[in-house]
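Enquirer: Based on the sequences and whatever the hints tell you, model everything.
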Amino acid sequence: MTASGFWQIALVLGIAFGLSIPFGAYLARVFRGERTWLDPILNPVDAFLCRIVGRRTTALPMDWKGYAVSMLVTNAMMGLLVYLILSIQGVLPWNPLRFSGLNPFLAFNTAASFITNTDWQNYAGESALSLFSQMAAITFPMFAAAATGLVAAIAFFRALAAPADGGRNLGNFYHDFIRALTRVLLPLCLVVTPVLVWQGSPETLTGVAVAHLMQGGVQHIPLGPVADLEVIKQLGTNGGGFFAANSAHPFENPTPLTNVVEILLMMVTSLSLVVTFGIFVGQRRLAWVMYAVMGVLLVGGIAVTVCAEQAGTPALAASGIMLQAGHGQMGGNMVGKETRFGVTGSALFDTVSTAFTTGSVNSALDSYTPLGGMVSLGQMMLNCVFGGKGVGTLNFLMYGIFAVFIAGLMVGRTPEFLGKKLERREIVLAALALLIHPLIILLPAAWALASPYGVSALGNAASHGLSEILYAFTSAAANNGSAFAGLQANTPWYNSVLGLVMLIGRYVSIILMLALGGSLAAKPSVSATAGTLRTDTALFGGFWLATIIVVGALTFLPALVLGPLAEIFMMHPHG
Amino acid sequence: MWRPIAGGALRMTLLVWVICGLAYPLLEVGVNQALFPQAANGSLVRIGHRVIGSRLIGERFTGPAWFHGRPSACGYHAMQSEASNLGPLSRRLRDHLWARRARLVREHPELATERLPADMITSSGSGLDPDISVANAEMQAPWVARARGLPLARVQALVAGATKGRWLGLFGEPRVNVEVLNWALARSVAP
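First to last, the protein sequences are chains R and A.
So the first sequence is numbered by our numbering: it starts at -8 and just counts up by one.
So the second sequence is numbered by our numbering: it starts at 560 and just counts up by one.
Calculated directly from the structure, the hints in this document are not laboratory data.
Any given hint could turn out to be false.
Okay, the calculated bits of chain A under chain R, using three or more residues with CB under 8 Å as the criterion [as the list claims (entries may be wrong)]: (1) 692 to 700; (2) 706 to 713; (3) 733 to 743.
The beta-carbon is built from N, C-alpha and C at its ideal position, and this holds for glycine as well.
Expert: Given below as structure tokens:
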């Protein structure tokens, strides 16, 4: 790692962590209905929007079931609307390049992908979607999916905060959803979009510019409302780009400044939610322990990736490339990376993006070194290193419940978490939530590997091909959306199966966690005694970390051995 | 309980669609067209009324009289941005690297024993990367100067004019914009 690379990473992480403390407190104020400084402007707006959705509907107290059902029904309707628009975009306005509607498989995959916060893309934005679709069928579900994840986490926090009514009122889904939009997502988007445009991201209703090049010939340059999509793409940990090249495209991410802004946008909410959680349950020390455990996994992942990409591969060395940075060039593995970001800016962006399950990329993960690519794959397999908006914190707490349970068994104490006894029902729910993730990754991946229609989509051979398929289903299950993009997955089989994996990975996990929250909320609190296993200590933090690593490794190691690990050994055949 | 939930979901869907899917992007288009008209329309560069390219989107330059950008997986087709997506052990990747190096050495035999800047023979993430590293541009400067019969110092001055350092001295990498550089070259003297 170079000196400037080190400071670049340290500064970005430092700013992100620094922002998360006031922002986390702000989120807590917003969702506990306390006063915030935007109230004078936004209270009338909220009231107006609540009146449109229905005054009675937005005031209804909801238990976990009511909350989950409202979320499901709303998301289903939104997903259907997206599917409809994508299917008939040929007859809709703002279609300067006259793209026809997407076929049913691709439209299903895309609708499922964007409503579940995955943003896996089996289409290329610039050559398949009209400007209207980019706004009304891509930007729209990006807001919806981000708000859904955020409020689901908030409802879970309320359930864990030992509510006096036993969890009969975890808040109102619609009311929370409106506040997530008006107090968090929209204001930030409105402010940040002009920054990206200032740096060079287009924001126009013109579809294409025709350039007459100096050496003759023409270049068709696609344009559109790019910047506004870009901001919610990052802020909402969505990740689906306007263009196929995603954040590597000079229009989506024009300068090193926008690169930093985009990294900060995708980190800020998930980091802040840890602080918010601490405030909700009144245990700030616990929040710090969580922060530290996730921080270790994140910083470790970034360090490994940056060093691996800077070191490059024997194949690059043999082709006579400078791998050391210096003398006016950045060195390292620059295959699929942009000059303006270099190795550090690329590896930092992509590792953060897979840890926070955004899935946007500013460099081609398929061409990363085996170790660098494995870090991204691993972050999504754990799916809890801060994670996507809301759900990452849920997954991390699920591991926490396991850690308490295992520790309790080891020392012979009744497992308790946040003053509630963990009993059979809670452990069953957490176990289901834990198992569903590897199940919907490994089963379809095995199916793909064993079938001609699965293997024919591969862009690379041997172990790297296995990694491509494994990556695709891991990305879908974790609702990440990044890809080893050599895989040509725009086929009926991949579109259908990946779409289903995304839906299960999103909704089954959220519902199980809400059920777990509801179950805990209904229990009487037990007061802490000298015999209680404390969860807000460094010791327990270490145990938490160990649980995540052991469970994750036991589940996925065999698959990793056949993919990226095999590649690491094949890379050095004589050494 | 079910009726208000379903009705609320429907009204919520339409409301969010109108606000986030239509009002927000259209508002941003209006505001940014007023604030940054040049950037909001793609940073296009014109000679007279004729658009000759975008300073952010690379193009393919051929021949010894121009600076060359990085290899591109999509041949600088701006409608098909993409990376090669070849894996680190890929035979095709190795073949590409060796072929690009061989072509350079054929044209410039003095490179036979040189190590090349990493960006010179690797293809970019977007296929449209407008930039090359400073080392890459410095290596090409004498070739371009010779082809155009220009003093090397003049070409090097143009390179310096198209060079950007790290943001705040820290973020990103120093780079030379090939579009800006070649346009400056064309203005300075015809090939």
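Enquirer: All hints are to be evaluated individually against the structure, with a verdict given for each.
Expert: Going down the list of hints, with the structure as the test:
Counting residues of the segment 692 to 700 of chain A whose C-beta lies closer than 8 Å to any C-beta of chain R gives 5; at least three are required, and the coverage claim holds. With 0 residues carrying a beta carbon less than 8 Å from a beta carbon of chain R, the segment 706 to 713 of chain A misses the three-residue requirement, and the given coverage is violated. Counting residues of the segment 733 to 743 of chain A whose C-beta sits closer than 8 Å to any C-beta of chain R gives 4, which meets the bar of three, so the coverage hint holds.
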